[in-house]
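Peer 1: Protein chains in written order, with the numbering used here: chain A, 1 to 363; chain B, 364 to 726.
In case anyone wonders, no lab produced these hints; they're calculated from the structure. Here the structure is a predicted model, which is why all the values come from computation and not from measurement. Glycine included, every Cβ here is placed at the ideal spot set by N, Cα and C. Hints should not be assumed to be uniformly reliable.
What the hints assert, rightly or not - Okay, the calculated beta carbon distance ranges per label pair: (1) A:Lys-94 with B:Thr-616: 20 to 30 angstroms; (2) A:Phe-255 with B:Pro-531: 26 to 36 angstroms; (3) A:Arg-195 with B:Ala-452: 42 to 52 angstroms; (4) A:Gly-157 with B:Asp-419: 50 to 60 angstroms; (5) A:Pro-168 with B:Asp-418: 34 to 44 angstroms; (6) B:Asp-609 with A:Glu-335: 56 to 66 angstroms; (7) B:Arg-598 with A:Phe-255: 26 to 36 angstroms; (8) B:Tyr-679 with A:Phe-255: 38 to 48 angstroms; (9) B:Arg-622 with A:Gly-92: 27 to 37 angstroms; (10) B:Pro-531 with A:Glu-335: 35 to 45 angstroms; (11) B:Lys-436 with A:Gly-346: 22 to 32 angstroms.
Residue-level listing of the chains:
2 protein chains.
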Amino acid sequence: MRHLNVEDIDYLAIGAAVLGAGGGGDPYLGKLMAQQAIVEMGPVELIDADDVPDDDLVIPVAMMGAPAVMMEKLPNGSEPEAAFHAIEAFLGRKAYATISAEAGGLNSCIPVYAAARLGVPLVDGDGMGRAFPEIPMCSYNLAGTSASPMVCLDEKGNEVLIRTIDNPWVETISRSVTVAMGLCSMIGLYVMDGRTVKRSAIRGTLSLAVEIGRRIREAKEGGESPVDSVLALTRGATVFEGKLFDITRDLTTGFVRGRALFEGLAAFAGQVMTLDFQNEMLVAAVDGVPRAMVPDLITLLDRENSVPITTETLRYGQRAFVVAMPCADIWRTEEGLRLVGPRYFGYDYDYTPMEELVGEVDR
Amino acid sequence: MRHLNVEDIDYLAIGAAVLGAGGGGDPYLGKLMAQQAIVEMGPVELIDADDVPDDDLVIPVAMMGAPAVMMEKLPNGSEPEAAFHAIEAFLGRKAYATISAEAGGLNSCIPVYAAARLGVPLVDGDGMGRAFPEIPMCSYNLAGTSASPMVCLDEKGNEVLIRTIDNPWVETISRSVTVAMGLCSMIGLYVMDGRTVKRSAIRGTLSLAVEIGRRIREAKEGGESPVDSVLALTRGATVFEGKLFDITRDLTTGFVRGRALFEGLAAFAGQVMTLDFQNEMLVAAVDGVPRAMVPDLITLLDRENSVPITTETLRYGQRAFVVAMPCADIWRTEEGLRLVGPRYFGYDYDYTPMEELVGEVDR
Numbered sequence: 001m002r003h004l005n006v007e008d009i010d011y012l013a014i015g016a017a018v019l020g021a022g023g024g025g026d027p028y029l030g031k032l033m034a035q036q037a038i039v040e041m042g043p044v045e046l047i048d049a050d051d052v053p054d055d056d057l058v059i060p061v062a063m064m065g066a067p068a069v070m071m072e073k074l075p076n077g078s079e080p081e082a083a084f085h086a087i088e089a090f091l092g093r094k095a096y097a098t099i100s101a102e103a104g105g106l107n108s109c110i111p112v113y114a115a116a117r118l119g120v121p122l123v124d125g126d127g128m129g130r131a132f133p134e135i136p137m138c139s140y141n142l143a144g145t146s147a148s149p150m151v152c153l154d155e156k157g158n159e160v161l162i163r164t165i166d167n168p169w170v171e172t173i174s175r176s177v178t179v180a181m182g183l184c185s186m187i188g189l190y191v192m193d194g195r196t197v198k199r200s201a202i203r204g205t206l207s208l209a210v211e212i213g214r215r216i217r218e219a220k221e222g223g224e225s226p227v228d229s230v231l232a233l234t235r236g237a238t239v240f241e242g243k244l245f246d247i248t249r250d251l252t253t254g255f256v257r258g259r260a261l262f263e264g265l266a267a268f269a270g271q272v273m274t275l276d277f278q279n280e281m282l283v284a285a286v287d288g289v290p291r292a293m294v295p296d297l298i299t300l301l302d303r304e305n306s307v308p309i310t311t312e313t314l315r316y317g318q319r320a321f322v323v324a325m326p327c328a329d330i331w332r333t334e335e336g337l338r339l340v341g342p343r344y345f346g347y348d349y350d351y352t353p354m355e356e357l358v359g360e361v362d363r
Numbered sequence: 364m365r366h367l368n369v370e371d372i373d374y375l376a377i378g379a380a381v382l383g384a385g386g387g388g389d390p391y392l393g394k395l396m397a398q399q400a401i402v403e404m405g406p407v408e409l410i411d412a413d414d415v416p417d418d419d420l421v422i423p424v425a426m427m428g429a430p431a432v433m434m435e436k437l438p439n440g441s442e443p444e445a446a447f448h449a450i451e452a453f454l455g456r457k458a459y460a461t462i463s464a465e466a467g468g469l470n471s472c473i474p475v476y477a478a479a480r481l482g483v484p485l486v487d488g489d490g491m492g493r494a495f496p497e498i499p500m501c502s503y504n505l506a507g508t509s510a511s512p513m514v515c516l517d518e519k520g521n522e523v524l525i526r527t528i529d530n531p532w533v534e535t536i537s538r539s540v541t542v543a544m545g546l547c548s549m550i551g552l553y554v555m556d557g558r559t560v561k562r563s564a565i566r567g568t569l570s571l572a573v574e575i576g577r578r579i580r581e582a583k584e585g586g587e588s589p590v591d592s593v594l595a596l597t598r599g600a601t602v603f604e605g606k607l608f609d610i611t612r613d614l615t616t617g618f619v620r621g622r623a624l625f626e627g628l629a630a631f632a633g634q635v636m637t638l639d640f641q642n643e644m645l646v647a648a649v650d651g652v653p654r655a656m657v658p659d660l661i662t663l664l665d666r667e668n669s670v671p672i673t674t675e676t677l678r679y680g681q682r683a684f685v686v687a688m689p690c691a692d693i694w695r696t697e698e699g700l701r702l703v704g705p706r707y708f709g710y711d712y713d714y715t716p717m718e719e720l721v722g723e724v725d726r
């Protein structure tokens with residue numbers, strides 16, 4: 001057991017952006033919220049899944065929708081607690097702790113904020129080990145947990161409680177509600193008992209994100225390579241180093257879909273990388289040969305300042321390291337790949353782990 | 364107090380289509396459901412609003428969305444009761460009775476079905492005195508009643524409980540949920556105590572619909588004019604008699620919007636009527652001069668068989684009587700006209716009652 005203080009949240013925001021794989025939203029606003037709550041309420045108790053009593057309840061809270069919209073349509077600040085309490089009220093039971101549904105991006109910080117304000121512990125882990133665009137893409141779902149009862153709240157005071165026959169229907173209905181609320185909402189969902197948290201949470205991902213952020217900061221201050229520090233922590237590899245020279249985006253489906261082209265620099269001079277994305281980075285191919293693919297994490301780190309680059313902020317002229325990191329083991333199972341493998345995202349080939357793809361070339 | 368039997372529901376469906384003013388959906392499926400429930404459970408007790416104890420609760424139930432879709436995406440039959448029970452469960456109280464939110468069209472029959480299955484009385488009245496397209500267009504709203512807590516259910520078993528800060532937000536969110544559920548849902552909303560029912564319900568509209576249906580049937584069987592029997596009951600007037608020779612429709616906004624042109628027959632020979640609609644008939648103008656406008660009721664009765672014609676079934680060559688009927692008094696107030704007057708529907712003129720407009724020409 002340890003505590004998250006204000007400084008930890010600085011690191012968490014950096015590390016969560018790395019784990020966001022280009023998506024999950026800029027953690028900036030979540031970071032400010034979490035830090036403010038810690039200043040007011042004190043540090044957040046970070047516990048292991050094993051510390052949750054078997055029969056006690058854990059309620060994940062998160063932000064749903066477009067993070068960019070949340071930056072203008074600001075939360076009133078009570079929504080994450082209200083989401084937690086609404087699920088408690090529906091069940092007629094108090095919950096023991098909260099947990100992240102998504103460690104990558106903004107949703108790393110929202111549960112910290114909620115835990116501080118609620119005065120409950122935060123379980124060190126999440127349901128994705130990264131960011132994903134849809135509610136069923138979650139280890140809690142794979143473990144058979146119902147995402148409903150789910151609650152969506154907006155900053156005005158509107159509240160919707162959703163109960164469905166399965167988790168795809170939670171996604172369909174809550175997505176519509178979130179759009180109606182103005183493209184973003186705060187949610188509570190996937191309520192679990194301690195037994196279920198222990199067998200389904202992807203463990204230690206919040207402290208991993210904090211550690212990634214800390215190492216990046218220390219490497220920069222020590223004049224060492226931030227990229228190397230990330231790779232050491234995540235068992236990842238550099239798949240490219242290049243400059244963005246072309247990008248296309250299509251927003252018509254409600255996602256940020258597109259493709260960016262990079263020309264190689266340094267050891268990759270003369271090569272071209274194609275990077276496909278849908279909110280998150282999906283496939284990185286060098287000279288037409290895939291080097292990493294979803295559900296493995298593909299993250300871009302700015303070549304000058306090591307700041308993670310999201311798919312929303314990709315632009316001409318950016319120079320970046322392209323890093324691939326292995327996803328959580330659960331996504332490499334048959335059921336996991338059915339939910340989040342390349343075929344789900346429209347690619348006509350099977351998943352190959354990044355270790356194999358990168359191993360085929362000179363690392 | 365009286366009872367509604369199977370034969371009454373035949374009449375109710377005809378009369379409700381007249382009060383639907385071209386919208387509200389074909390009552391056919393609702394009629395079959397209500398009649399089946401009465402066969403199984405016995406006649407439905409129809410009570411006056413004054414019979415509801417002041418502190419007891421009344422929960423309106425209805426169908427929301429596209430009635431045409433419900434004809435293919437059939438209800439499983441439990442939704443209206445489930446909507447009623449879901450509101451009861453949320454409030455932690457049993458309700459005394461149900462009532463219609465909308466007497467025109469399909470939603471005349473859904474509460475009969477619910478009352479039969481639930482074994483509760485049905486209050487003789489509704490919140491519109493006709494059909495309208497949006498949830499806030501309701502006398503219950505005008506009386507200050509919150510439409511939420513509102514519940515939306517589908518035939519698969521999905522259930523959404525909506526609580527909002529005002530009634531326009533109920534409309535926005537529940538419309539999205541209904542679309543996500545496949546364009547139609549069953550709803551419970553506007554829960555009221557007996558005191559509120561007494562001061563806000565538009566009284567006697569279900570028995571009026573039954574009576575309209577009965578008189579049309581009797582007139583046809585007796586060789587008399589069905590149109591005259593409707594006009595006598597509703598204080599209405601014939602504004603045109605003609606043949607449809609042109610029609611345009613636009614479905615892109617989720618409503619059935621359009622305009623139909625009729626050339627005059629009999630006493631109206633040589634004149635042209637323009638009929639504008641948005642789900643319901645909005646404005647009937649003869650040679651460019653309005654003869655009736657929303658919120659007054661404009662209904663078309665087939666010239667051969669006196670069957671009411673909905674805006675969805677308007678087509679070239681139809682010959683019809685166009686009848687205007689005064690709306691409920693509440694819609695002629697300043698607040699009522701703000702909600703459902705011509706300006707709300709995009710017309711740049713004030714409301715004039717049909718009695719005045721028709722009085723200007725030879726009746």
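Peer 1: Determine which of the earlier numbered hints do not hold for this structure and return their numbers in increasing order.
Peer 2: Hint check: 1, 3, 4, 7 and 9 fail, others pass.
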